[in-house]
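Protein chains in written order, with our numbering: chain G, 1 to 339; chain E, 1 to 182.
Hints may contain errors.
A short, non-exhaustive set of chain G residues, derived as facing chain E with CB atoms under 8 Å [said to hold, decoys possible]:
id, residue
1, 45
2, 47
3, 48
4, 50
5, 51
6, 52
7, 54
8, 301
9, 303
10, 318
11, 320
The hints are simulated quantities; they were obtained by calculation from the structure and are not laboratory data. Since this is a predicted model, take the numbers as computed values, not measurements. No residue lacks a Cβ here, since even glycine has one placed at the ideal position from N, Cα and C.
For reference, the chains in residue letters:
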Amino acid sequence: MIEQIYSLLPPVVWDILWAMVKAVIILLGLVISAAWMIWLERRLLGLWQDRYGPNRVGLWGLGQVIADMLKIFFKEDWMPPFVDKFTFTLAPAIAMSMMLLPFCLIPITPNWGVASADLGLLFFFATAGLAVYAVMLGGWSSNSKYSLLGGLRSTAQTISYEVFMGISLMGIVVQTGTFNLREIVLWQQEHVWLIFPQFFAFLTWALAGVAVTHRTPFDLPEAESELAAGYHTEYSGMKFGMFFVGEYVGIVMVSGLTTALFFGGWEAPFGDYLPFLNTVPFLWFAIKSLFFMSSFILLRAALPRPRYDHMMSAAWKVCLPMSLLNLIGTAAVVLWLGA
Amino acid sequence: MKSFFAVLHGIWTQLRSIGMIFMHSFRPRDVILYPEVKPPVPPRYRGRIVLTRDPDGDERCVACNLCSVACPVGCISLQKAERPEDGRWYPEFFRINFSRCMFCGLCEEACPTNAIQLTPDYELCEYDRQNLVYEKEHLLISGVGKYHDYNFYRVAGMAIKGKGKGEALNESAPIDIKSLLP
Ligand code: SF4
Ligand code: SF4
Numbered sequence: 001m002i003e004q005i006y007s008l009l010p011p012v013v014w015d016i017l018w019a020m021v022k023a024v025i026i027l028l029g030l031v032i033s034a035a036w037m038i039w040l041e042r043r044l045l046g047l048w049q050d051r052y053g054p055n056r057v058g059l060w061g062l063g064q065v066i067a068d069m070l071k072i073f074f075k076e077d078w079m080p081p082f083v084d085k086f087t088f089t090l091a092p093a094i095a096m097s098m099m100l101l102p103f104c105l106i107p108i109t110p111n112w113g114v115a116s117a118d119l120g121l122l123f124f125f126a127t128a129g130l131a132v133y134a135v136m137l138g139g140w141s142s143n144s145k146y147s148l149l150g151g152l153r154s155t156a157q158t159i160s161y162e163v164f165m166g167i168s169l170m171g172i173v174v175q176t177g178t179f180n181l182r183e184i185v186l187w188q189q190e191h192v193w194l195i196f197p198q199f200f201a202f203l204t205w206a207l208a209g210v211a212v213t214h215r216t217p218f219d220l221p222e223a224e225s226e227l228a229a230g231y232h233t234e235y236s237g238m239k240f241g242m243f244f245v246g247e248y249v250g251i252v253m254v255s256g257l258t259t260a261l262f263f264g265g266w267e268a269p270f271g272d273y274l275p276f277l278n279t280v281p282f283l284w285f286a287i288k289s290l291f292f293m294s295s296f297i298l299l300r301a302a303l304p305r306p307r308y309d310h311m312m313s314a315a316w317k318v319c320l321p322m323s324l325l326n327l328i329g330t331a332a333v334v335l336w337l338g339a
Numbered sequence: 001m002k003s004f005f006a007v008l009h010g011i012w013t014q015l016r017s018i019g020m021i022f023m024h025s026f027r028p029r030d031v032i033l034y035p036e037v038k039p040p041v042p043p044r045y046r047g048r049i050v051l052t053r054d055p056d057g058d059e060r061c062v063a064c065n066l067c068s069v070a071c072p073v074g075c076i077s078l079q080k081a082e083r084p085e086d087g088r089w090y091p092e093f094f095r096i097n098f099s100r101c102m103f104c105g106l107c108e109e110a111c112p113t114n115a116i117q118l119t120p121d122y123e124l125c126e127y128d129r130q131n132l133v134y135e136k137e138h139l140l141i142s143g144v145g146k147y148h149d150y151n152f153y154r155v156a157g158m159a160i161k162g163k164g165k166g167e168a169l170n171e172s173a174p175i176d177i178k179s180l181l182p
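With the rest of the complex left out, here is chain G (with noise of 0.2 Å):
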């Protein structure tokens, strides 16, 4: 009976569709569980701060992402008459997909994965570049002082972590010859996880990876206590619903990024003696971003906001000296082991 069905298509059909099964399921998981980040962020801050977080819908509060989501999907999306309606439509649209997009990239287990392009790393950072147009567009078109501010700010923080973010991972690019993800995670497979030699990188990575989705510390252009809520001021319903979603989209990603990158993706840690380990890969890819998108919520937790001329030279002085400095000299090792 199933061989009946699997004649008659040829196989390579049959592959394409098996591979945008995975995409779509890979696509759900991440929203899914970027909703329930929020639950997870509530109830890690009440932690930090001696309370309890959302507990009553279901086990743990677990259901109060569902009622929260039932609420903004019915909530009446309100588009304030001074704002440019079609700019003011496109900048969620922006914030959500552009946040999506890189997880394409991302190796989750040796077979899953939606695509492995040779470019992978230049491609996030054009999304992450485009990105910005969100904030931008949405603090542009609200057409309010407060929206403005952040979106503003917003660019200005852009064209300081975006060189920096650059040049960190450029260390990892030379060490591996390679911009494409799996391969990366291959290569540290077969050598040292990354975050041994490319230390100075994970660290300025780390900065980077807090400014691009726009988090405590470096959430200048939303900024509650100054801005109101910055450049979604004016959003409202399921639009407002985007900008917020995409934001922890945006830590889910760049949780599963680092793990990517300096982390070994799914290799299990001690797997060479413990060989057991590496038989569950998608558990350990989920336990290191899990880490990270923890260690998200424990930032928010515990660090102030920088002033903003203070985290500019602190972007300009210290951490693209910091990765330039670790680009010379990887590229120097590099060299002298080659020769």
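Given chain G, put chain E with the ligands in place with the hints provided.
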């Protein structure tokens, strides 16, 4: 060089505060899970208002309207009536609008007879705002409240049927101003 150490010091302080916040994971939580665990309230907590009775079982309130005047938000309203058998005053109706009351306790301080008292019951929620208007039958309790043996008519010089002036506790009979005798 100096700024280099400043950067190092800044990084150290940030890491330190992250670590300190993380150590909060192992602290007990400060929150009381309210509906399951009731927070302890002191006995003089200012919650739901009651009207008490004197030790003989009569209403203490004499409908003097002082509480109503003292109330900053004006949420008490009552009307005086006279008991036909002994001429004692009592409120015909007594109404407190708890959707306005801010539990300041000024009514309790103003009351000369200790009739109106605030109790530690704070669970007053209703789904319908109108249900927050309490009438006399909701307010009046059968006990004496915080003051166990206080009875206004026994200590005040007020004459009602069955008790003339000066017959109460710690009272001397009124002075006869028409007499020359000491
Ligand atoms: S507690 Fe204050 S607000 Fe409430 S009834 Fe008494 S005087 Fe009025
Ligand atoms: S409750 Fe007290 S203050 Fe208010 S009318 Fe009665 S006796 Fe007077």
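Consistency of the hints with the structure:
Nearest Cβ of chain E to the Cβ of residue 45 of chain G: about 10 Å, over the 8 Å cut. The hint is violated. Checking residue 47 of chain G against chain E: minimum C-beta separation of about 6 Å stays under 8 Å; hint holds. Residue-level restraint check for residue 48 of chain G holds (minimum Cβ-Cβ distance to chain E is 5 Å; threshold 8 Å). At its closest, the beta carbon of residue 50 of chain G sits 5 Å from a beta carbon of chain E; the interface hint therefore holds under the 8 Å criterion.
Nearest Cβ of chain E to the Cβ of residue 51 of chain G: about 4 Å, under the 8 Å cut. The hint holds. Interface restraint check for residue 52 of chain G: the shortest CB-CB distance to chain E comes to about 5 Å, inside 8 Å, so the restraint holds. Given the 8 Å rule on beta carbons, the hint for residue 54 of chain G is violated: about 12 Å separates it from the nearest Cβ of chain E. Restraint check, residue 301 of chain G versus chain E: the minimum CB separation of about 5 Å is within 8 Å; hint holds.
The restraint placing residue 303 of chain G at the interface with chain E holds, with a minimum CB-CB distance near 6 Å, inside the 8 Å limit. Proximity of residue 318 of chain G to chain E holds as hinted, the smallest CB-CB distance being about 6 Å (cut-off 8 Å). This hint is violated: residue 320 of chain G has a C-beta 13 Å from the nearest C-beta of chain E, more than the 8 Å allowed.
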